[in-house]
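Asks: Each chain, letter by letter, is given below.
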Amino acid sequence: MSLANTFYNTLVKKNSVFVATIFASAFAFEVAFDTTSTRVWDSLNKGKQWKDIKDKYVQ
Amino acid sequence: MPAPKIATVPHFGFITPEKLVRVAPSAAVWGAAAGAAVLLLGSDIPIIKRDILSKVPFVGSYWAVAAPAQDEE
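Chains as they are written, first to last, in the UniProt record's numbering: chain D, 1 to 59; chain Z, 1 to 73.
Treat the hints with caution; some may be incorrect.
[What the hints assert, rightly or not] With a Cα cut of at most 25 Å, we get these calculated SDA-like pairs of lysine to any residue:
| no. | chain 1 | residue 1 | chain 2 | residue 2 |
| --- | --- | --- | --- | --- |
| 1 | Z | K49 | D | K14 |
| 2 | D | K14 | Z | A33 |
| 3 | D | K48 | D | V58 |
[As the list claims (entries may be wrong)] Here's a subset of chain D near chain Z, in silico, CB distances under 7 Å, partners left out:
| no. | residue |
| --- | --- |
| 4 | A4 |
| 5 | V12 |
| 6 | S16 |
| 7 | V17 |
| 8 | F23 |
| 9 | A24 |
| 10 | A26 |
| 11 | F27 |
| 12 | V31 |
[Said to hold, decoys possible] Counterexamples of contact, computed for chain D against chain Z with all Cβ distances above 12 Å:
| no. | residue |
| --- | --- |
| 13 | N5 |
| 14 | N9 |
| 15 | K14 |
Calculated from the structure, these hints are not laboratory results. For every residue, glycine included, the Cβ atom is placed at its ideal position computed from N, Cα and C.
This is chain D alone, in the form it adopts within the complex (with noise of 0.2 Å):
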């Protein structure tokens, strides 16, 4: 439970910082996950997609 009573004490008890908290978290988050996701999916289709293969058409 005392991790359960740290997380509300900190963000949840005054309102202002648990809305702070939820739009800068979604902020970080959206970087993070578009980063992540991004890099994951170059990665599976390494040498597939136009930007790998570009430099062997375009002069």
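With chain D's structure known, arrange chain Z on it following the hints.
Replies: Coordinates of chain Z only, in the frame set by chain D:
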């Protein structure tokens, strides 16, 4: 015995300097929350990406990639 003199602090409606001081910390956190909301909701708007977000140190390159693609049109 004269009647006690009633002194009023300067006020605008119910807002007085004492009350402003008392709510200042909370208002500052609300301001930070509003700023974070503007960044979150504005992170898809090209001018905010180009002028604000791409200039953030270390992570600015995340938004800098999308900005030139807009300009090439």
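Asks: All hints are to be evaluated individually against the structure, with a verdict given for each.
Replies: Okay, the hints, checked on the actual structure:
Taken as a hint, the K49 of chain Z and K14 of chain D pair is broken in the structure, with Cα atoms around 31 Å apart against an allowance of 25 Å. The hinted pair formed by K14 of chain D and A33 of chain Z meets the criterion: a straight-line CA distance of about 12 Å does not exceed 25 Å. Straight-line distance between C-alpha atoms of K48 of chain D and V58 of chain D comes to about 16 Å, which keeps the hinted pair within the 25 Å bound. With a cut of 7 Å, the hint placing A4 of chain D at the interface with chain Z is violated, because the nearest CB-to-CB distance is about 22 Å.
The criterion of a C-beta within 7 Å of any C-beta in chain Z is not met by V12 of chain D, whose closest approach is roughly 13 Å, and the hint is violated. This hint holds: S16 of chain D has a C-beta 4 Å from the nearest C-beta of chain Z, less than the 7 Å allowed. With a cut of 7 Å, the hint placing V17 of chain D at the interface with chain Z holds, because the nearest CB-to-CB distance is about 6 Å. Interface restraint check: F23 of chain D against chain Z, minimum CB-CB distance 4 Å, threshold 7 Å, status holds.
With 7 Å as the threshold, the beta carbon of A24 of chain D comes within range of chain Z, its nearest partner Cβ sitting at about 5 Å, so the hint holds. About 5 Å separates the beta-carbon of A26 of chain D from the nearest beta-carbon of chain Z, less than 7 Å, and the hint is met. Evaluation of the F27 of chain D hint against chain Z yields a held restraint, the C-beta minimum of about 4 Å falling below 7 Å. Evaluation of the V31 of chain D hint against chain Z yields a held restraint, the C-beta minimum of about 6 Å falling below 7 Å.
Every beta carbon of chain Z lies more than 12 Å from that of N5 of chain D, the smallest distance being close to 21 Å; the non-interface claim holds. Distance check on N9 of chain D: its Cβ is at least 15 Å (rounded) from any Cβ of chain Z, clearing the 12 Å threshold; non-interface status holds. Under the 12 Å C-beta cut-off, the non-interface status given to K14 of chain D relative to chain Z is violated; the minimum distance is some 7 Å.
Consistency note: the structure conflicts with the earlier hints numbered 1, 4, 5, 15.
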